[in-house]
Amino acid sequence: MIIEVFESHKIESKIKNPNGDYLYLGDLITKILNEQSWNLGRNARKALPRLKDIGDQSAHSRRFVAHREDIDKVIPYIRT
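All residue numbers for the sequence shown refer to UniProt numbering, where the first residue is 1 and numbers rise by one.
For the record, the hints were derived by calculation from the structure and aren't laboratory data. There could be a bad hint or two in this list.
[As the list claims (entries may be wrong)] Derived DEER-like restraints, expressed as beta-carbon distance ranges:
| id | residue 1 | residue 2 | range |
| --- | --- | --- | --- |
| 1 | H67 | E12 | 29 to 35 angstroms |
| 2 | A66 | D27 | 18 to 24 angstroms |
| 3 | P18 | K73 | 35 to 41 angstroms |
| 4 | S61 | I11 | 31 to 37 angstroms |
[What the hints assert, rightly or not] Here are the simulated EDC-like cross-link-like pairs (lysine to aspartate or glutamate), alpha carbons at most 20 angstroms apart as the crow flies:
| id | residue 1 | residue 2 |
| --- | --- | --- |
| 5 | K73 | E35 |
| 6 | K10 | D27 |
| 7 | K14 | E4 |
| 8 | K14 | E35 |
| 9 | K46 | D21 |
| 10 | K10 | E35 |
| 11 | K46 | D56 |
The beta-carbon is built from N, C-alpha and C at its ideal position, and this holds for glycine as well.
Sequences are here, hints too, so could you generate the full structure?
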């Protein structure tokens, strides 16, 4: 979703490294939050880092597995 927003504004070069690869999610979130071409709502600004935290916990913690309800709690804030 983040990549598509940058592509639709024809500024995808802002989210690529010198090799032309897209940045990692944490860096993409930082870029979308700081981009001046649009204005994200307050709720979306808070929700995007939280969504990344859920993904990180799922990927790197042996004791945490994200469930649908974990994601469902964040989705309404991203849509605003």
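Against the structure, the hints come out as follows:
| no. | hint | verdict |
| --- | --- | --- |
| 1 | H67 to E12: 29 to 35 angstroms | holds (33 angstroms) |
| 2 | A66 to D27: 18 to 24 angstroms | holds (21 angstroms) |
| 3 | P18 to K73: 35 to 41 angstroms | holds (37 angstroms) |
| 4 | S61 to I11: 31 to 37 angstroms | holds (34 angstroms) |
| 5 | K73 to E35 | violated (25 angstroms) |
| 6 | K10 to D27 | holds (18 angstroms) |
| 7 | K14 to E4 | holds (12 angstroms) |
| 8 | K14 to E35 | holds (9 angstroms) |
| 9 | K46 to D21 | violated (26 angstroms) |
| 10 | K10 to E35 | holds (13 angstroms) |
| 11 | K46 to D56 | holds (16 angstroms) |
In summary, the structure is inconsistent with hints 5, 9 from the numbered list given earlier, while agreeing with the others.
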